[in-house]
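**Student:** Chain residues, written in single-letter form:
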Amino acid sequence: MTLLELNNITKLFPVRRGFFGKASEFVRAVDGITLSLNEKEILGLVGESGCGKSTLGRIALGLMKPTSGDVIFDGRDISSLSKNDLIKLRSRMQIIFQDPFSSLNPRMPAGDIVSEPLVIHGRCKNKERLSAAAALLESVGLKAEHVYRYPHEFSGGQRQRICIARAIALNPKFIVADEPVSALDVAVQAEILALLKELQNKFNMAYLFVSHDLRVVSKLCDRVAVMKSGKIVEIMPAAKIKEAGHPYTRNLLASVPIADPFRREKIDCVANAADVC
Amino acid sequence: MGLLEIKNLRTCFSTDKGEVPAVDGVSLSVNKGEVVSIVGGSGSGKTVLGLSILRLVSEQGRIADGEIIFKGVDLLKLPLVEMRRIRGRKISMIFQEPMTSLNPVFTIGEQIEEAIRIHNPKISKHEAEENACEILNLVGIADPVRRYSSYPHEFSGGMRQRVMIAMALSCRPDLLIADEPTTALDVTIQSEILKLLESLQAKFGMSIILITHDFGIVAQIADRVYVMHNGKVVEDGDVRQIFGAPKDDYTKKLLAAVPVL
Numbered sequence: 001m002t003l004l005e006l007n008n009i010t011k012l013f014p015v016r017r018g019f020f021g022k023a024s025e026f027v028r029a030v031d032g033i034t035l036s037l038n039e040k041e042i043l044g045l046v047g048e049s050g051c052g053k054s055t056l057g058r059i060a061l062g063l064m065k066p067t068s069g070d071v072i073f074d075g076r077d078i079s080s081l082s083k084n085d086l087i088k089l090r091s092r093m094q095i096i097f098q099d100p101f102s103s104l105n106p107r108m109p110a111g112d113i114v115s116e117p118l119v120i121h122g123r124c125k126n127k128e129r130l131s132a133a134a135a136l137l138e139s140v141g142l143k144a145e146h147v148y149r150y151p152h153e154f155s156g157g158q159r160q161r162i163c164i165a166r167a168i169a170l171n172p173k174f175i176v177a178d179e180p181v182s183a184l185d186v187a188v189q190a191e192i193l194a195l196l197k198e199l200q201n202k203f204n205m206a207y208l209f210v211s212h213d214l215r216v217v218s219k220l221c222d223r224v225a226v227m228k229s230g231k232i233v234e235i236m237p238a239a240k241i242k243e244a245g246h247p248y249t250r251n252l253l254a255s256v257p258i259a260d261p262f263r264r265e266k267i268d269c270v271a272n273a274a275d276v277c
Numbered sequence: 001m002g003l004l005e006i007k008n009l010r011t012c013f014s015t016d017k018g019e020v021p022a023v024d025g026v027s028l029s030v031n032k033g034e035v036v037s038i039v040g041g042s043g044s045g046k047t048v049l050g051l052s053i054l055r056l057v058s059e060q061g062r063i064a065d066g067e068i069i070f071k072g073v074d075l076l077k078l079p080l081v082e083m084r085r086i087r088g089r090k091i092s093m094i095f096q097e098p099m100t101s102l103n104p105v106f107t108i109g110e111q112i113e114e115a116i117r118i119h120n121p122k123i124s125k126h127e128a129e130e131n132a133c134e135i136l137n138l139v140g141i142a143d144p145v146r147r148y149s150s151y152p153h154e155f156s157g158g159m160r161q162r163v164m165i166a167m168a169l170s171c172r173p174d175l176l177i178a179d180e181p182t183t184a185l186d187v188t189i190q191s192e193i194l195k196l197l198e199s200l201q202a203k204f205g206m207s208i209i210l211i212t213h214d215f216g217i218v219a220q221i222a223d224r225v226y227v228m229h230n231g232k233v234v235e236d237g238d239v240r241q242i243f244g245a246p247k248d249d250y251t252k253k254l255l256a257a258v259p260v261l
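Protein chains in written order, with my numbering: chain A, 1 to 277; chain B, 1 to 261.
Since the hints were derived computationally from the structure, they do not count as laboratory data. Please note: incorrect hints may appear among the correct ones.
[What the hints assert, rightly or not] In silico DSSO-like pairs for lysine-lysine, Cα to Cα no more than 30 angstroms straight-line:
id, chain 1, residue 1, chain 2, residue 2
1, A, Lys-219, B, Lys-195
2, B, Lys-90, B, Lys-203
3, B, Lys-195, A, Lys-231
4, B, Lys-17, A, Lys-143
5, B, Lys-253, A, Lys-143
6, B, Lys-195, A, Lys-242
7, B, Lys-90, B, Lys-122
8, B, Lys-252, A, Lys-240
9, A, Lys-240, A, Lys-219
10, A, Lys-242, B, Lys-253
11, B, Lys-252, A, Lys-197
12, A, Lys-228, B, Lys-195
13, B, Lys-253, B, Lys-232
14, A, Lys-143, B, Lys-252
15, B, Lys-253, A, Lys-219
16, A, Lys-143, B, Lys-232
17, B, Lys-247, A, Lys-219
18, A, Lys-197, B, Lys-253
19, B, Lys-195, A, Lys-240
20, A, Lys-242, B, Lys-252
21, A, Lys-240, B, Lys-253
22, B, Lys-252, A, Lys-219
[What the hints assert, rightly or not] Covered stretches of chain A (chain B as the covering partner; in silico rule of three or more C-beta atoms under 8 angstroms from a C-beta of chain B):
id, segment
23, 188-201
24, 206-219
25, 246-254
[Claimed, not checked] Beyond 12 angstroms from chain A on every Cβ pair, some chain B residues (computed):
id, residue
26, Gly-61
27, Glu-114
28, Ser-124
29, Gly-140
30, Tyr-151
31, His-153
It should be emphasised that the depicted structure is a prediction, and the values quoted were computed from it without experimental measurement. Just so it is clear, CB atoms sit at the ideal spot from N, CA and C, and this is done for glycine as well.
Next comes chain B alone, as it looks inside the complex (with noise of 0.2 angstroms):
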């Protein structure tokens, strides 16, 4: 039994020209301390697959049909109070642009403090300022005591990326969804983050949900991969499998399409 399983979501958006679903039937699991890839041009239905699995699509959207199974506990099933236990806490998310996710008018610190006593309410002040400070010292921020009280706008993108991560895993998730982390950054940069986020996986032995476009970034870091298109699973397998045999069109169009040097 993986740690997390699912089974036939549909996640629809209403329309002008009635219900589009997003998510069409699509099938998943994640082991424990597995790097899975979510593979798929934009559109595809990629991103909505995240958000569903942390119940956060927006208004126009209702998870229509599935079950997301996670440790034995149906997420879909559970009271809104609950849901917000393993928001943050077990499974959480981080986003493209870390130049938007973060709030301009607190400091770095608080924002992480923040997150890690929403999710502890017993735990002091000053435990969750200790705790903010380590967290920065292991994504790699120098200077931590420092970085504490500046602001995101006195960080570079990749720093901020690297707070967007600190702030995820302050609650040692079991699982982190991370949604195109390096997109918006350099290449130089994105191949950091990679290797950051690698590094803190080993270390904490935690499952990653890597959604990108990119296959030379699934390449880096993937165990299993899965191609989705318009909303549909297409193919999916071991990411040597994947690179070494692709079956499916669309997987070797995507596949084509990556620039090589």
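The shape of chain A in the complex, shown without the other chains (with noise of 0.2 angstroms):
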């Protein structure tokens, strides 16, 4: 069943020149989408910085209105919702970002970042958050103990698990991961990508995975589309990546790195062959 649809968004940012100049260009960062996700889907995202991928995912959750186009979740248009329906439907959708080191209050503890979600749709009383809270941090892999710490004692996945707990703490339906593992090393990389496919089976979630790598997407998400300047090129199923037709998309495969040293040489053919066409 589909889950949120997108329909024709466009969004346009106006370039202003000089300090006081009027906006008399715009910008196309999303050119005409349409894009759906199903129920406990996970649809990755991928192109190169400046394509307009984040923006499509802030467009997606409301957080940013289209300049044109629907953006319609479970069956609503959320541009003609009251600010109070708004509110409510916003539990339902999170978002987790990339930096985990920006995203975190660092006066907060770990436990009241985490169960403020809570707090503020009010499923959850004083005397419980506590309980709550480490509840949520250990689902995501961490100790009860820690709902005492701050940020700044976490390392970097250690913080983008608290970015998940607090993304999953209400039960949503739908998260966009905005580059979740991009500031993470690879180790660290490939726990955070098991713990979200583990969550999103636990919660039957749907994602919407934002990514500009294609070995990271390829290996989580049921189908990807491949964006470039604002417009989705190709759409396929992630098995199929690597059978991709669109040349922008094969210039993007072409471009990962092989971890086979073995492999050099005859790489360095094919990416002479590729320059030659």
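Bring the two chains, given one by one in their own frames, into a single complex with the hints.
**Tutor:** In structure tokens, the structure reads:
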């Protein structure tokens, strides 16, 4: 069943010339994208920096209004909702950001961070807050006694776990993961991806997984959409990514480092061949 | 005898809980014209090792023990004045973040020119300018004469990293230390930068120490590999040997973590 539908979304950003200059030109960050996401599906969104993939993620959550087009979540057009309804809906959609260092409040202990969504949405009383926080931290592989620790006492991977715990606190149906592993080293990256997959199975969530790394996307996602300059150039099952036909996707694939020194010479030949055509 | 020979290096940082060794008895060697990669997870001490070679460790840290022999001279015994002649001219370094390593209020050209003139005080301004343009051209920046007077914010991440490489190579060093040079960049730009480093290395015959956490990059460019974990080298060897038959558990774990298409 379809959970989220994006219909012909366009987002323009004004470009101002000079301090008092009027917006005379616009950048098309997202240019007429139509996309749908099923329940329990992981959709990867890949592209180079500046292609508009993060903007699209924010529009999908209603954090940013599209210039034109509709966002339909669970059968309701989110642009037509009142403020109160939108707040209610927000409990069912969450986001995880790229940088686990800047997306946690340094003055709040981990327990308060992960249980804050519960308090905001009135899902738990003050007495229960601590135990709820401990349970959440445990569900992402941290320990209950970590509730009193502050963000600076955690490593990058642990911080990303806190961000994930905060995102799943309200049992959302849909999470936008905006480059959640790009700031982490490969070993930690693999752990976080495994955690995301496990939680998705457990809570039946759908992810919009934004990334520039085809390797990560092909491992985690069901379908992959490739974006270039605000448009989707190709959308395909993740298992078929190697057979992608669009030249842009082929170029992305060719850039992925291959972890095999024995194949280095072969790759050079292929790269040269690609230059020729 | 290699170009660089590090013997039993220890770099410690003072913390509330006493001194903590970030680099703990590391020995490694780099031959002329070789690409050596230092691989490890975050916090394994690989960056501190790179900084130690140039004696650029921050104030809380100190190099406690060991020798760093570069072209037969122990860098740790050199007076600071002579160390300054090594930095930039013989050994230079590029960092992960091309966004923060450039000064936003000076033009690209001025910054490269500054690097050239500091290390060659006798060179004229005009000559330095010409050299700067030449090196910009070399790192693949189109129309270097016009780009000379651009500011860093007008450049994309990949172009800024090219500028950093230009600056690092402006004095034709014998050794380039590249600390996660492509981590902040997209895959397509990453592969371009790696190719650039490879071609420049072939052209100048310099040696490169490439610090990274990504074995995918290592496989593409390195000749020899040192794997670091908790400040120690746990395994080292030829790149084919490390990939073909890793011995250490940590190496195996890192290799297994590399996502494949």
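**Student:** Hints the structure violates: just list their numbers, smallest first.
**Tutor:** Per hint list: zero violations.
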